[in-house]
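K.L.:
Given the sequences, and given the hints that come with them, work out the whole structure.
Quick note: the sequence shown uses our numbering, first residue 149, plus one each step.
Keep in mind the hints are simulated off the structure, nothing from the lab. Glycine included, each C-beta is placed from N, C-alpha and C at the ideal position. Among the hints, a few may not be true.
Using 30 Å as the maximum straight-line C-alpha spacing, the simulated DSBU-like pairs for lysine-lysine come out as follows [what the hints assert, rightly or not]:
hint	residue 1	residue 2
1	Lys294	Lys260
2	Lys217	Lys294
3	Lys259	Lys217
4	Lys294	Lys259
5	Lys280	Lys294
6	Lys280	Lys259
7	Lys217	Lys280
8	Lys260	Lys217
9	Lys260	Lys280
Derived DEER-like restraints, expressed as beta-carbon distance ranges [claimed, not checked]:
hint	residue 1	residue 2	range
10	Thr191	Thr231	14 to 24 Å
11	Gln212	Pro237	20 to 30 Å
12	Pro269	Val298	29 to 39 Å
13	Ser295	Glu245	23 to 33 Å
14	Glu204	Arg287	17 to 27 Å
15	Leu215	Lys280	21 to 31 Å
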Amino acid sequence: MAQTQQDTPAAIQPRIHVDTRYFPPAGLGLPALAVQTTRLVDTYMLWVGTTDVEPELIANAPLQGCLAKDWACAMPAREMSGTPPAATPLYRTSSSEASLSMAQRLARRFKKQIFLSIDMPPSLGSMGQEGKLLLAIERAVVETLKSHEVVVGES
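P.N.:
Written out as structure tokens, the structure is:
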């Protein structure tokens with residue numbers, strides 16, 4: 149007899165969730181951010197980019213961005229807490245390499261595999277805003293992942 153999805157144990161039901169959030173500019177001269185999270189089992193795939201899309205249309209922001217501008221993957225260490233997370237760049241340009249270290253910090257903090265793509269215009273670096281924007285990006289990602297961790301804990 150075939151099992152229906154209702155009869156299937158929760159452990160083997162599909163658990164892929166996609167969410168896109170809008171973050172208003174964190175400071176003067178900084179752009180708004182969009183964070184798209186794909187939540188899998190013990191893995192987060194994140195795209196973060198600057199956006200000029202209206203908050204109610206934020207789901208369209210990733211379609212206007214670039215996934216592979218600065219993209220990295222990090223895995224948390226299993227047993228030894230002093231061991232840094234293993235990480236590798238998946239794609240990067242000479243002007244962007246922030247995703248690697250940020251993915252490592254996120255993997256250490258949330259104990260999950262992290263795929264992180266950061267899409268920010270190179271013009272912000274020349275304007276001296278890159279550091280402020282990267283801080284705003286990391287704060288937005290941490291806030292997003294914390295909310296997903298609460299949802300996971302409740303299910």
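K.L.:
Hints first: check each against the structure and report whether it holds.
P.N.:
Against the structure, the hints:
With a C-alpha separation of about 12 Å, the suggested pairing of Lys294 with Lys260 holds against the 30 Å cut-off. Simply put, Lys217 and Lys294 have alpha-carbon atoms about 25 Å apart, close enough for the 30 Å limit, and the pair holds. Taken as a hint, the Lys259 and Lys217 pair is honoured in the structure, with Cα atoms around 25 Å apart against an allowance of 30 Å. For a cut-off of 30 Å, the pair hint linking Lys294 to Lys259 stands: about 12 Å separates their Cα positions.
At most 30 Å may separate the alpha-carbon atoms for a hinted pair to count; Lys280 and Lys294 meet this at roughly 21 Å. With a CA separation close to 26 Å, the supplied pair Lys280 and Lys259 stays within the 30 Å bound. Our distance criterion of 30 Å between C-alpha atoms is met by Lys217 and Lys280, whose separation comes to about 19 Å. Taking the CA atoms of Lys260 and Lys217, the gap is about 22 Å. The hint holds against a cut of 30 Å.
Straight-line distance between C-alpha atoms of Lys260 and Lys280 comes to about 26 Å, which keeps the hinted pair within the 30 Å bound. A beta carbon spacing of about 19 Å between Thr191 and Thr231 agrees with the range 14 to 24 Å that was offered as a hint. For the pair Gln212 and Pro237, the beta carbons lie near 23 Å from each other, so the given range of 20 to 30 Å is met. Taking the beta carbon of each, Pro269 and Val298 are about 32 Å apart, inside 29 to 39 Å as hinted.
With their beta carbons about 27 Å apart, Ser295 and Glu245 fall inside the hinted range of 23 to 33 Å. Hint check: Glu204 to Arg287, Cβ distance near 22 Å, so the stated range 17 to 27 Å holds. For the pair Leu215 and Lys280, the supplied restraint of 21 to 31 Å holds, since their beta-carbon distance comes to about 24 Å.
Consistency with the previously given hints is maintained throughout, with no hint failing.
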